[in-house]
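The lines below spell out each chain.
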Amino acid sequence: MKNHDNHISSDSANWTVLLILLILTTLSILAIKIHVGAFTVALALLLASVKVTIVLTYFMHLKFENLLLRLMVGGVFLLFAIVIAITFIDYYFR
Amino acid sequence: MSTTEHSEHIDSDTGKLGMWLFLFTELFLFGGLFIVYAVMRSKYAADFHHAALELNAFIGATNTVVLLVSSMTVAMSLTAIQQKKAGKAMGLLLITLILAGVFMVNKYFEWGHKFEIHLYPGSDVMKSMPHGEIMFFGLYYMMTGLHAIHVIIGGILLTVVIFKINSGKINAEHYLLQENSALYWHLVDLIWIFLFPLLYLIT
Chain A
1 MKNHDNHISS DSANWTVLLI LLILTTLSIL AIKIHVGAFT VALALLLASV
51 KVTIVLTYFM HLKFENLLLR LMVGGVFLLF AIVIAITFID YYFR
Chain B
95 MSTTEHSEHI DSDTGKLGMW LFLFTELFLF GGLFIVYAVM RSKYAADFHH
145 AALELNAFIG ATNTVVLLVS SMTVAMSLTA IQQKKAGKAM GLLLITLILA
195 GVFMVNKYFE WGHKFEIHLY PGSDVMKSMP HGEIMFFGLY YMMTGLHAIH
245 VIIGGILLTV VIFKINSGKI NAEHYLLQEN SALYWHLVDL IWIFLFPLLY
295 LIT
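Sequence order for the protein chains is A and B. To convert, note that position 18 of the first sequence is 18 in our numbering; the numbers rise steadily by one, no gaps. To convert, note that position 157 of the second sequence is 251 in our numbering; the numbers rise steadily by one, no gaps.
One or more hints might be untrue.
[To be verified] Derived lysine-lysine pairs resembling DSS-like cross-links, with alpha carbons at most 27 Å apart:
| hint | chain 1 | residue 1 | chain 2 | residue 2 |
| --- | --- | --- | --- | --- |
| 1 | B | Lys258 | B | Lys137 |
| 2 | B | Lys137 | B | Lys221 |
| 3 | B | Lys182 | A | Lys63 |
| 4 | B | Lys221 | B | Lys201 |
| 5 | B | Lys258 | B | Lys182 |
| 6 | A | Lys63 | B | Lys137 |
| 7 | B | Lys137 | B | Lys182 |
| 8 | B | Lys179 | B | Lys263 |
| 9 | A | Lys33 | B | Lys179 |
| 10 | B | Lys263 | B | Lys182 |
| 11 | B | Lys201 | B | Lys263 |
| 12 | A | Lys33 | B | Lys258 |
| 13 | A | Lys33 | B | Lys221 |
| 14 | B | Lys179 | A | Lys63 |
| 15 | B | Lys221 | B | Lys208 |
| 16 | B | Lys137 | B | Lys263 |
Bear in mind the hints are in silico, worked out from the structure with no lab data behind them.
Next comes chain B alone, as it looks inside the complex (with noise of 0.2 Å):
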């Protein structure tokens, strides 16, 4: 390896080094919530128990799988691009965006549902709930529209990164670009791991 050749892998190393620096206060965004959810979760067990049983565990599950082979396909897209086929790496991007898009749809159609039952922050039926209800919707919310908007700031990046691999300055030598992106990607995954069976499985 020549000296320029190093310093220019130094420069990747780094760049990949302030992705996972930014990834670290994602992880503390969410983890301050997770505190919440598990100190509230001990103080009103039998309200927590009883308000998870409303949440639907098959749009949890089914948007669990989604995320999840939505993280191969970008895993497999970076594959693709090293080995110059960017082609293919865009196809497996443009999967992942449909897969994104299918998590976003569920996601409607889960809200929706609570909205026409009035259970949402502010409502008159929340209001009439038990405190420990109350918190555990309030965390649901927060914790899963939080997660949603990660979702479709991940689609936008995955969006950016498809138009530049098509227009070649994302290539099988400079791919720094798409390798954060997936990163990013990936911690939506990660977070989205714990998310489910906190609120979804667990009553």
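Same shape as in the complex, but just chain A (with noise of 0.2 Å):
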């Protein structure tokens, strides 16, 4: 089985991606700590889906796969939004 990857991510690349985390971290404790109200759980889940986002982006080279998978991917997520919604809807309707 050989492979025939066309993108070769730089080591730079990988670095500024990690650096871009970190950060996305670090405003994640900080605004925790700062207690920005009744938002603070929505904005801690906001930051770790641009993380994921970006992880799921570059780390996992989804940015140059076919769109196939991408749409796969995206799709599932979705699918992942909608069950949890409908739970939701379910526990408060009920």
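Fit the two chains together into the complex; they arrive one by one in their own frames, and the hints show the way.
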């Protein structure tokens, strides 16, 4: 099984991605420490989602994968979001 | 591109596609636990707040940094093998394994401390707690424990990859196993990215 990846991520690109991830981690810790109120949980989850997207896109090379794979990954995360939404609708309105 | 090369190309792609399908099942394994956490948190908000204060955010943050750096070294190792630098690829994977070890040692101290103060499922201390706090610690042990098992499996996979690079079975032309092991390792990182704020940060 021969690999034919056209794209090879450079070391400097990987360092940049790590730096951004570390900055986002620091931001989420600071956000919790200063207590932004009712939005704390939402903000923490938003920052986590941004980090996950960056890992998927660059470290897991999704940016350079074919469309089918990218759609599948997007679809699975959409499905998961729907499952969470339905769970909460069910939970609050039963 | 010749026809033979084309069929080989598809082989490598399907191998990766299969790995992604497996990763989806992993996402839903942890996803189910995330949903339980979310519902229980909304039901026992005060208990969850109180119980989360018990967790050491510093250890959580340290392990977050450790996993993020290890994710980068795994990605760099793939770059190295693609550029025919086998030695560098093995070195970076070795650093990843060391970081995995650091993560597990942190986990050991974290769990060890909780066991010392008798804070574990089934202990008398935990039985006397309010229902919501028992839920929180139950989920904490389940989620971090399941995640730690994944760290160990990832470590074993990466060790196999190091040996295969050493023997030349993984090289600049054939590195699907390394690619898939790297994907698995990144998944371990992805799950922790959500576990860290949910368990350690939000109180």
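Hint check:
1. B:Lys258 / B:Lys137: Roughly 50 Å separates the two Cα atoms, so the pair is violated.
2. B:Lys137 / B:Lys221: holds, 19 Å
3. B:Lys182 / A:Lys63: With Cα atoms ~25 Å apart, Lys182 of chain B and Lys63 of chain A stay inside 27 Å; holds.
4. B:Lys221 / B:Lys201: holds, 23 Å
5. B:Lys258 / B:Lys182: Holds: Lys258 of chain B and Lys182 of chain B sit about 14 Å apart, inside 27 Å.
6. A:Lys63 / B:Lys137: Since the Cα atoms of Lys63 of chain A and Lys137 of chain B sit roughly 39 Å apart, the hinted pair is violated (cutoff 27 Å).
7. B:Lys137 / B:Lys182: violated, 50 Å
8. B:Lys179 / B:Lys263: Holds, at about 14 Å.
9. A:Lys33 / B:Lys179: Violated - the C-alpha atoms of Lys179 of chain B and Lys33 of chain A are around 43 Å apart, more than 27 Å.
10. B:Lys263 / B:Lys182: Between Lys263 of chain B and Lys182 of chain B the Cα gap is close to 16 Å, so the pair holds against 27 Å.
11. B:Lys201 / B:Lys263: Not satisfied, since the Cα-Cα distance of roughly 34 Å exceeds 27 Å.
12. A:Lys33 / B:Lys258: violated, 46 Å
13. A:Lys33 / B:Lys221: Status violated; Cα separation ~31 Å.
14. B:Lys179 / A:Lys63: Status holds; Cα separation ~24 Å.
15. B:Lys221 / B:Lys208: OK: Lys221 of chain B and Lys208 of chain B at ~15 Å, within 27 Å.
16. B:Lys137 / B:Lys263: violated, 53 Å
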